[in-house]
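Participant: Residues per chain, in single letters:
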Amino acid sequence: MTSTLSALATAVATEGGHGGGQAVAEATGVFDLTWLLIAFPLLGAAILLVGGRRTDKVGHLIGCAASIASFVMGLVLFFAMVGEPSDGRAFTVQLWEYVNAGGYSVDVSLLLDQLSISFVLLITGVGSLIHIYSIGYMEHDERRRRFFGYLNLFVAAMLLLVLASDYLVMFIGWEGVGLASYLLIGFWQHKDSASVAAKKAFVVNRVGDMGMVLAMASMIAVFGSTAFDVVFSSAEGASTGWLTVIGLFLLLGACGKSAQFPLQSWLLDAMEGPTPVSALIHAATMVTAGVYLIVRSAAIYDLAPDARTAVVVVGAITLLMGAIIGCAKDDIKKALAGSTMSQIGYMVLAAGLGPAGYAFAIFHLLTHGFFKANMFLGAGSVMHGMNDEVNMRRYGGLRILMPATFLTFAMGYLAIIGIPPFAGYFSKDKIIEAAFADNWITGLATLIGAGITAFYMTRLMLMTFFGNRRWKQSELPHESPPVMTGPLWVLGALSVVGGFGLLYLGAGIVDWLAPVTGEAHHDLPMPLWLLITITLATVVVGVAVAWAMFGRRAVREDVPAGNAITVAARNDLYGDAFNEAVFMRPGQYLTRSLVYFENRGVDGAVVGTATAVGGLSARMRRWQTGFVRSYAVTMLGGVAVVVLAMLLVRLP
Amino acid sequence: MNPTNYLVLSIILFSIGAAGVLIRRNALVAFMSVELMLNAGNLAFVTFARMHGNLDGQIVAFFVMVVAAAEVVVGLAIIVTIFRTRRSASVDDASLLKL
Amino acid sequence: MGEAALFWIMAPIAVLGALGLVFSRKAVHGALSLAATMISLALFYIAQEAPFLGVVQIVVYTGAIMMLFLFVIMLIGIDSSDSRVETIRGQRVAATLAVTGVVLLLAGVTIRATLPEEPAGLAQATPDGNVPAIADAIFGTYVWAFEVVAALLITAAVGAMTLTHRERIVAKATQRELSIKRFSEGAPGDAAGLPVPGVYARHNAVDTPALLPDGTPSEDSVNRVLVARGAARSTDEFRHHPTPADIEAAAEGDADEPAGEPGPDDDASGGERA
Numbered sequence: 015m016t017s018t019l020s021a022l023a024t025a026v027a028t029e030g031g032h033g034g035g036q037a038v039a040e041a042t043g044v045f046d047l048t049w050l051l052i053a054f055p056l057l058g059a060a061i062l063l064v065g066g067r068r069t070d071k072v073g074h075l076i077g078c079a080a081s082i083a084s085f086v087m088g089l090v091l092f093f094a095m096v097g098e099p100s101d102g103r104a105f106t107v108q109l110w111e112y113v114n115a116g117g118y119s120v121d122v123s124l125l126l127d128q129l130s131i132s133f134v135l136l137i138t139g140v141g142s143l144i145h146i147y148s149i150g151y152m153e154h155d156e157r158r159r160r161f162f163g164y165l166n167l168f169v170a171a172m173l174l175l176v177l178a179s180d181y182l183v184m185f186i187g188w189e190g191v192g193l194a195s196y197l198l199i200g201f202w203q204h205k206d207s208a209s210v211a212a213k214k215a216f217v218v219n220r221v222g223d224m225g226m227v228l229a230m231a232s233m234i235a236v237f238g239s240t241a242f243d244v245v246f247s248s249a250e251g252a253s254t255g256w257l258t259v260i261g262l263f264l265l266l267g268a269c270g271k272s273a274q275f276p277l278q279s280w281l282l283d284a285m286e287g288p289t290p291v292s293a294l295i296h297a298a299t300m301v302t303a304g305v306y307l308i309v310r311s312a313a314i315y316d317l318a319p320d321a322r323t324a325v326v327v328v329g330a331i332t333l334l335m336g337a338i339i340g341c342a343k344d345d346i347k348k349a350l351a352g353s354t355m356s357q358i359g360y361m362v363l364a365a366g367l368g369p370a371g372y373a374f375a376i377f378h379l380l381t382h383g384f385f386k387a388n389m390f391l392g393a394g395s396v397m398h399g400m401n402d403e404v405n406m407r408r409y410g411g412l413r414i415l416m417p418a419t420f421l422t423f424a425m426g427y428l429a430i431i432g433i434p435p436f437a438g439y440f441s442k443d444k445i446i447e448a449a450f451a452d453n454w455i456t457g458l459a460t461l462i463g464a465g466i467t468a469f470y471m472t473r474l475m476l477m478t479f480f481g482n483r484r485w486k487q488s489e490l491p492h493e494s495p496p497v498m499t500g501p502l503w504v505l506g507a508l509s510v511v512g513g514f515g516l517l518y519l520g521a522g523i524v525d526w527l528a529p530v531t532g533e534a535h536h537d538l539p540m541p542l543w544l545l546i547t548i549t550l551a552t553v554v555v556g557v558a559v560a561w562a563m564f565g566r567r568a569v570r571e572d573v574p575a576g577n578a579i580t581v582a583a584r585n586d587l588y589g590d591a592f593n594e595a596v597f598m599r600p601g602q603y604l605t606r607s608l609v610y611f612e613n614r615g616v617d618g619a620v621v622g623t624a625t626a627v628g629g630l631s632a633r634m635r636r637w638q639t640g641f642v643r644s645y646a647v648t649m650l651g652g653v654a655v656v657v658l659a660m661l662l663v664r665l666p
Numbered sequence: 011m012n013p014t015n016y017l018v019l020s021i022i023l024f025s026i027g028a029a030g031v032l033i034r035r036n037a038l039v040a041f042m043s044v045e046l047m048l049n050a051g052n053l054a055f056v057t058f059a060r061m062h063g064n065l066d067g068q069i070v071a072f073f074v075m076v077v078a079a080a081e082v083v084v085g086l087a088i089i090v091t092i093f094r095t096r097r098s099a100s101v102d103d104a105s106l107l108k109l
Numbered sequence: 093m094g095e096a097a098l099f100w101i102m103a104p105i106a107v108l109g110a111l112g113l114v115f116s117r118k119a120v121h122g123a124l125s126l127a128a129t130m131i132s133l134a135l136f137y138i139a140q141e142a143p144f145l146g147v148v149q150i151v152v153y154t155g156a157i158m159m160l161f162l163f164v165i166m167l168i169g170i171d172s173s174d175s176r177v178e179t180i181r182g183q184r185v186a187a188t189l190a191v192t193g194v195v196l197l198l199a200g201v202t203i204r205a206t207l208p209e210e211p212a213g214l215a216q217a218t219p220d221g222n223v224p225a226i227a228d229a230i231f232g233t234y235v236w237a238f239e240v241v242a243a244l245l246i247t248a249a250v251g252a253m254t255l256t257h258r259e260r261i262v263a264k265a266t267q268r269e270l271s272i273k274r275f276s277e278g279a280p281g282d283a284a285g286l287p288v289p290g291v292y293a294r295h296n297a298v299d300t301p302a303l304l305p306d307g308t309p310s311e312d313s314v315n316r317v318l319v320a321r322g323a324a325r326s327t328d329e330f331r332h333h334p335t336p337a338d339i340e341a342a343a344e345g346d347a348d349e350p351a352g353e354p355g356p357d358d359d360a361s362g363g364e365r366a
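Protein chains in written order, with this note's numbering: chain A, 15 to 666; chain B, 11 to 109; chain C, 93 to 366.
Incorrect hints may have been included.
[Stated by the list, open to error] Incomplete in silico selection of chain A near chain B, CB under 10 Å: (1) 638; (2) 639; (3) 640; (4) 641; (5) 642; (6) 643; (7) 646; (8) 650; (9) 653; (10) 656.
[To be verified] Pairwise CB distance ranges (calculated): (11) C:270 to A:637: 49 to 55 Å; (12) B:105 to C:216: 51 to 57 Å; (13) C:147 to A:658: 35 to 41 Å; (14) B:18 to A:630: 27 to 33 Å.
Rather than coming from a laboratory, the hints here were simulated on the basis of the structure.
In this text the structure is predicted, and so the values were computed from the model without any measurement.
Idealized CB from N, CA, C, for every residue including glycine.
Based on the sequences and whatever the hints tell you, model everything.
Facilitator: Rendered as structure tokens:
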């Protein structure tokens with residue numbers, strides 16, 4: 015611990031203030047090939063989606079190869095970057111000009127720096143593991159090739175998101191991951207619930223996207239550009255009001271993508287997708303895009319304290335909401351989804367703390383990527399062996415039958431509740447420290463969150479792997495094949511050593527990210543050892559309570575009535591009901607009244623006019639006999655009228 | 011002699027022609043009635059030319075004749091074509107221009 | 093004075109011709125009545141110092157246009173006469189009202205107008221005579237209108253040709269094809285061609301049926317257009333109707349002439365054929 019502090023202190027001493035000030039060099043050498051990162055999975059997606067049935071046999075291999083190639087490329091770039099001096103690790107790769115409209119131009123260029131390479135490694139690394147896992151998980155699905163195509167599409171879009179050097183280009187990736195998420199949540203589209211969940215995710219994400227669009231529009235209005243370098247370098251000169259507005263819009267975008275309050279409702283339903291999707295997209299990578307967005311926009315948030323406060327509030331609310339929801343869910347994936355919400359709430363909260371928290375947000379994001387993907391894949395492994403049963407009340411005692419799954423899951427479990435020396439301990443503890451350093455309320459929120467996390471994760475562990483066997487199927491649950499347990503072991507190992515390794519290996523992640531995010535020292539209101547003790551005590555209390563409730567007593571197979579909070583949590587804290595009552599119903603009434611007005615008012619006027627004209631012409635058409643001689647009479651009458659008129663005019 | 015008499019004659023001929031167009035069903039007769047009306051108009055032009063000592067009236071009458079000739083050529087061709095397809099020279103039979 | 097005489101003689105003729113046009117039942121009569129009106133109008137033109145127009149009226153109108161009308165009348169059917177029954181309800185009333193209105197208005201205009209008692213005359217306007225003056229105007233002041241009218245005439249001629257042109261949609265059958273067709277489709281009896289119309293002392297014309305070798309008249313020999321129009325002579329007229337004397341003679345010479353004359357049976361069949 016002390017060494018961490020000293021490292022922090024030295025870093026703060028040398029560098030303060032916000033990030034984005036790092037010099038960005040034109041990419042040369044191997045960095046010129048950054049675009050390959052995106053090209054590999056994009057090519058894979060194109061082959062798989064365009065190739066059709068011809069690629070059915072090798073589709074999963076192509077998908078894995080594309081993802082792994084991207085990962086290898088990411089590793090090469092990472093080590094090349096490590097070889098560079100610490101202040102020269104940001105590179106921009108100019109590809110082509112995307113838009114040039116007068117004074118506003120958008121270049122498609124990639125920004126490769128410490129932050130984006132971290133994401134690249136997370137996305138491609140965890141992504142590759144999940145690709146491999148999916149080979150086994152989706153083995154019996156006849157649309158497996160398409161699944162891998164979508165996964166590759168997702169990886170490509172996500173890489174574009176984190177590598178873009180312009181908000182607009184980033185938005186393309188942003189929408190791309192949204193599309194891939196939609197396609198993958200609704201992958202089993204024959205299930206009504208899956209297609210509804212996909213639609214819901216898409217619609218809720220659109221709300222967040224409006225925030226992104228508005229943020230970009232505001233940037234164009236204020237800075238005349240959406241390029242990172244322009245925006246960040248001229249942020250100093252902009253008014254605080256505008257920066258706050260942009261920050262809040264960006265926060266709205268982040269809320270949509272990262273399932274933060276008040277746009278959290280889609281994530282729980284998104285669990286309708288195949289489990290590898292939940293692991294990759296809805297736990298490890300895509301949902302963290304909001305955190306990336308906030309950290310990347312550090313230069314804006316640093317100058318807009320009000321927006322940062324909003325970020326902290328949103329993060330705190332979400333972390334508690336997610337934790338409470340996670341406590342009540344019996345569906346193993348939904349419990350994990352609540353946990354994901356909660357953990358991302360931690361990251362957002364940390365990101366809202368400013369330079370003091372950015373690095374820890376990313377740190378927790380990475381470790382969370384490891385252990386949450388691990389646990390989701392573990393849950394998928396359990397489901398795989400349990401004939402796709404997701405209700406934890408039908409599990410029990412699986413640790414004997416699925417030892418590999420149990421062991422790896424346990425590593426993830428210990429990591430997430432923050433038991434040293436597992437990964438989650440380092441990352442979450444840093445966030446709690448930073449929160450307490452900021453103020454008591456956020457600190458308490460994170461502390462309580464840690465306690466609840468321990469409770470619901472212990473509950474999940476106990477209900478799934480311990481206790482009485484509640485499954486009734488004739489077929490015994492079985493361990494998954496090695497192609498699935500392999501990635502579990504890797505991720506399990508990362509869950510164990512990831513935190514320690516990231517924090518202390520080499521320069522450590524805080525120093526690594528410092529050129530991008532900046533650093534700030536925080537003063538704890540209490541001694542560090544006290545805080546750590548309190549945190550661990552809280553965690554232990556959570557575990558003990560869970561043990562008392564689910565470990566000592568046999569878990570009931572039917573759902574108990576539960577108290578008010580439990581019922582509320584089962585209903586996602588009435589988030590859906592709120593949305594329904596506040597947005598959907600009034601929207602429906604509005605559209606209904608508009609339709610009524612349209613039918614009766616507008617259509618009535620239009621149709622009425624048309625009917626009147628039609629009736630009139632039906633009568634007037636009687637005049638049109640088609641007889642030339644009748645027309646001749648009319649003409650002669652007309653001549654008479656004209657002559658008469660001329661006479662009258664000339665009369666005086 | 012008072013040239014107004016010619017004008018009165020012109021009016022009479024014009025009116026008879028108009029009545030012919032309105033009353034007769036035979037396309038040829040109706041067409042000839044139109045010619046009669048044109049001729050009545052020509053008579054008025056010539057009379058006015060003499061009455062006012064201005065040659066322009068005669069020129070206009072000349073042009074009316076030429077245009078009438080062109081009109082007759084096309085009109086008769088149309089009548090022949092209609093007759094060929096419908097076996098009728100009645101203007102009332104060609105009454106499809108209605109709903 | 094002479095002009096007044098001319099007017100009072102020719103004006104009634106013109107009006108009568110116009111009325112004849114409107115009230116004649118046959119188009120050809122109407123055309124001839126109109127020709128009379130036009131000729132009288134030509135005379136009026138000449139009387140009113142417009143000799144050129146008078147001549148043109150006769151040559152173009154009476155000569156060319158009216159002849160064109162007559163040709164078309166012949167094409168369409170010279171002797172078809174119109175029914176006088178008005179088929180459009182209210183047309184007569186409306187026509188009467190409209191024509192009366194126009195007459196009243198034009199009369200009103202003429203009466204109200206202040207017109208000179210004596211015409212000014214064209215002596216001043218046409219110092220070199222009528223035709224040179226008209227030529228001057230047409231090829232001088234109105235040359236552009238003249239050119240346009242010339243173009244109009246040509247267009248009209250082309251238009252008339254286009255309108256009356258008939259496109260041949262199947263190739264014309266050759267003599268050989270017609271022969272083959274006659275043998276393959278027609279009755280064998282007609283293979284040599286239809287019998288030509290008969291020629292008799294009283295009727296030296298195509299409307300008379302031919303007599304076949306057995307003495308019966310052949311309907312096929314008469315053009316069927318003539319038959320349809322009722323212009324052909326009936327075959328019955330030339331059939332041999334046995335008189336009572338003939339029957340007697342036949343009864344007497346029954347044994348002499350076994351090849352009997354056409355009997356009542358033949359008659360009956362002939363009647364059916366008719």
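Participant: State for each hint whether it applies.
Facilitator: Now for the hints, and whether the structure bears them out:
no. : hint                       : verdict
1   : 638                        : holds, 5 Å
2   : 639                        : holds, 6 Å
3   : 640                        : holds, 3 Å
4   : 641                        : holds, 5 Å
5   : 642                        : holds, 5 Å
6   : 643                        : holds, 6 Å
7   : 646                        : holds, 5 Å
8   : 650                        : holds, 6 Å
9   : 653                        : holds, 9 Å
10  : 656                        : violated, 14 Å
11  : C:270 to A:637: 49 to 55 Å : holds, 54 Å
12  : B:105 to C:216: 51 to 57 Å : holds, 53 Å
13  : C:147 to A:658: 35 to 41 Å : holds, 38 Å
14  : B:18 to A:630: 27 to 33 Å  : violated, 44 Å
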